[in-house]
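Asks: Next come the chains, spelled out residue by residue.
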Amino acid sequence: VDVAFEDWYLQHHRHVVTSLAALCGDLGLAQDATDEAFVRALAMWGRVQTMSSPAGWVYRVALNVLRRTLRRRELEARLLRRDAPPESDVVSQPEVWAAVRTLPERQRQAIVLRFVADLPEADIASAMGVRRGTVASTLATARARLAELLGEPMTSEVTT
Amino acid sequence: MIDLERAGADLVNETAVSTTPVAELRRRAARRTTRGRVVGTGAVLVTAAMVTVAMITWPSRGTQEVISRPASASVMPLPTPGSVQPEFLRDGTPVFVVRHRDGDVSVVSAISAHRPAGIGYLVGWCSSSRWFEDPVHGSQYDEFGVKTVGPAPSGLVTYAATIDSRGSVRVGSARTPAASSPQVSGSGDTPGVEASGRHCAGPNDPGTNLVLPPIDADEARTPAQVARLDDADYHLVTGVFVIADGNLAACPLPEPAPESTVTTCSAPVALRGIEHEGGTLDASVLETMPGTRFVALARPAAGALTDVIWVDGWNTGR
Numbered sequence: 119v120d121v122a123f124e125d126w127y128l129q130h131h132r133h134v135v136t137s138l139a140a141l142c143g144d145l146g147l148a149q150d151a152t153d154e155a156f157v158r159a160l161a162m163w164g165r166v167q168t169m170s171s172p173a174g175w176v177y178r179v180a181l182n183v184l185r186r187t188l189r190r191r192e193l194e195a196r197l198l199r200r201d202a203p204p205e206s207d208v209v210s211q212p213e214v215w216a217a218v219r220t221l222p223e224r225q226r227q228a229i230v231l232r233f234v235a236d237l238p239e240a241d242i243a244s245a246m247g248v249r250r251g252t253v254a255s256t257l258a259t260a261r262a263r264l265a266e267l268l269g270e271p272m273t274s275e276v277t278t
Numbered sequence: 032m033i034d035l036e037r038a039g040a041d042l043v044n045e046t047a048v049s050t051t052p053v054a055e056l057r058r059r060a061a062r063r064t065t066r067g068r069v070v071g072t073g074a075v076l077v078t079a080a081m082v083t084v085a086m087i088t089w090p091s092r093g094t095q096e097v098i099s100r101p102a103s104a105s106v107m108p109l110p111t112p113g114s115v116q117p118e119f120l121r122d123g124t125p126v127f128v129v130r131h132r133d134g135d136v137s138v139v140s141a142i143s144a145h146r147p148a149g150i151g152y153l154v155g156w157c158s159s160s161r162w163f164e165d166p167v168h169g170s171q172y173d174e175f176g177v178k179t180v181g182p183a184p185s186g187l188v189t190y191a192a193t194i195d196s197r198g199s200v201r202v203g204s205a206r207t208p209a210a211s212s213p214q215v216s217g218s219g220d221t222p223g224v225e226a227s228g229r230h231c232a233g234p235n236d237p238g239t240n241l242v243l244p245p246i247d248a249d250e251a252r253t254p255a256q257v258a259r260l261d262d263a264d265y266h267l268v269t270g271v272f273v274i275a276d277g278n279l280a281a282c283p284l285p286e287p288a289p290e291s292t293v294t295t296c297s298a299p300v301a302l303r304g305i306e307h308e309g310g311t312l313d314a315s316v317l318e319t320m321p322g323t324r325f326v327a328l329a330r331p332a333a334g335a336l337t338d339v340i341w342v343d344g345w346n347t348g349r
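These protein sequence lines are chains W and H, in that order. Position in the first sequence (first residue = 1) + 118 = the numbering used here. Position in the second sequence (first residue = 1) + 31 = the numbering used here.
Accuracy of the hints is not assured; some may be wrong.
Said to hold, decoys possible - Derived coverage of chain H by chain W (criterion: at least 3 residues anywhere in the stretch with Cβ under 8 angstroms from a Cβ of chain W; other residues may be distant):
{"hint": "1", "segment": "48-57"}
{"hint": "2", "segment": "251-257"}
Said to hold, decoys possible - Examples of chain H residues toward chain W, derived with CB under 8 angstroms:
{"hint": "3", "residue": "Asp34"}
{"hint": "4", "residue": "Leu35"}
{"hint": "5", "residue": "Ala38"}
{"hint": "6", "residue": "Gly39"}
{"hint": "7", "residue": "Asp41"}
{"hint": "8", "residue": "Leu42"}
{"hint": "9", "residue": "Val43"}
{"hint": "10", "residue": "Met107"}
{"hint": "11", "residue": "Phe119"}
{"hint": "12", "residue": "Arg121"}
{"hint": "13", "residue": "Asp247"}
Don't read these hints as lab results, they were simulated from the structure. All residues carry an ideal CB built from backbone N, CA and C; glycine is no exception.
Pulled out of the complex, with its shape left as it was, chain W reads as follows:
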């Protein structure tokens, strides 16, 4: 069981961390949320490994952990009157990911799960708790909005 978990963990860990970092701009938060998600996966590995989409499950847990942490951080920032958000840790094409972070949450998640996590639409649907058709339409809307925001057209879409 542990060997199977370790292989799966090493296969997905970097993508989960990077996806969460793209969403929140904070690599430390992304690492913590990712670790928490994989700890939960390990604690119930017998069940997780038989799921139709273990990757979708671990992304969903990681996204939930991240969301809760960000809410707590926002509250702390308000209480401490910390107005300026911390500088982003995302250094590769930062303007693209800064634009992604301005999208509504569902569009933001769909873009990151598709292009950073490199998940197929079925796994994205599992991670987001939506239907596969919703993933496709959300991605199309998000791509159009990103093209507007960045003032450049997108390359043609690749679907899975």
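Using the hints, position chain H against chain W.
Replies: Chain H only, in chain W's frame:
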């Protein structure tokens, strides 16, 4: 031209990710499993609410767990002789794998046979006394799932189980338990009669050392998300009970939590099997349940939820 495929791949390659060693994850996972057994103050309050509901709605209809799909593909690790391990079947059904002291194996459902008002509850394993116990209503079952005491109308559902050539437990189809014969002693062992309190005595805080299925509320989805899934598996769902069309229904948790309260929502999800006979809920349930938050296992059923097993309160890590 923006190439998101390329941008995503570059980001993955160029971000300085450090990988936490698996051994560290394992240590944290072990701590997490232990923490899940502890009962918190909030849990006591929720449990009290559940007991109240049970008292209001009792005597129960004696609804019996019926597993509609065989779990023939479920394979699980073999516990050591004398130990018991909570697991989930492929369809999400919570079970316990019991390795008896003589080496034989049983797989029993972790869902109590006692379902007042149609709401199910989980049982926990009491290692000090080697029995399963419904911590809400007090029913007890032996390590084979046979009911020994309490209001449950029967024993636990059990599953055919064999040890395969690799030393794993292979789980087969469900066996519906026989109804237990009525007993007449006044000590709470009559079907339908509450056997109040927790009975599992342990070395620490008596009654709190039950081993329960590891449920993590953070995995829970909204009632609508689960209701529209197209399988018949158990899924973790969280929300708020409301009354819609005279019956119990579920709304998503309000935002922000926990300050907000909800007693209505625009699109409540129906909960099948929680109606009283005649399809109308008891008036006191109508007064008690709306606004109560829950975490439950439930199966999707054509836009509604069915087989609701209320799990919040003692093992969600909150």
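Asks: State for each hint whether it applies.
Replies: Hints, verified against the model:
| no. | hint | result |
| --- | --- | --- |
| 1 | 48-57 | holds (count 7) |
| 2 | 251-257 | holds (count 3) |
| 3 | Asp34 | holds (5 angstroms) |
| 4 | Leu35 | holds (4 angstroms) |
| 5 | Ala38 | holds (5 angstroms) |
| 6 | Gly39 | holds (3 angstroms) |
| 7 | Asp41 | holds (5 angstroms) |
| 8 | Leu42 | holds (5 angstroms) |
| 9 | Val43 | holds (5 angstroms) |
| 10 | Met107 | holds (6 angstroms) |
| 11 | Phe119 | holds (4 angstroms) |
| 12 | Arg121 | holds (5 angstroms) |
| 13 | Asp247 | holds (6 angstroms) |
Of the numbered hints listed earlier, not one is contradicted by the structure.
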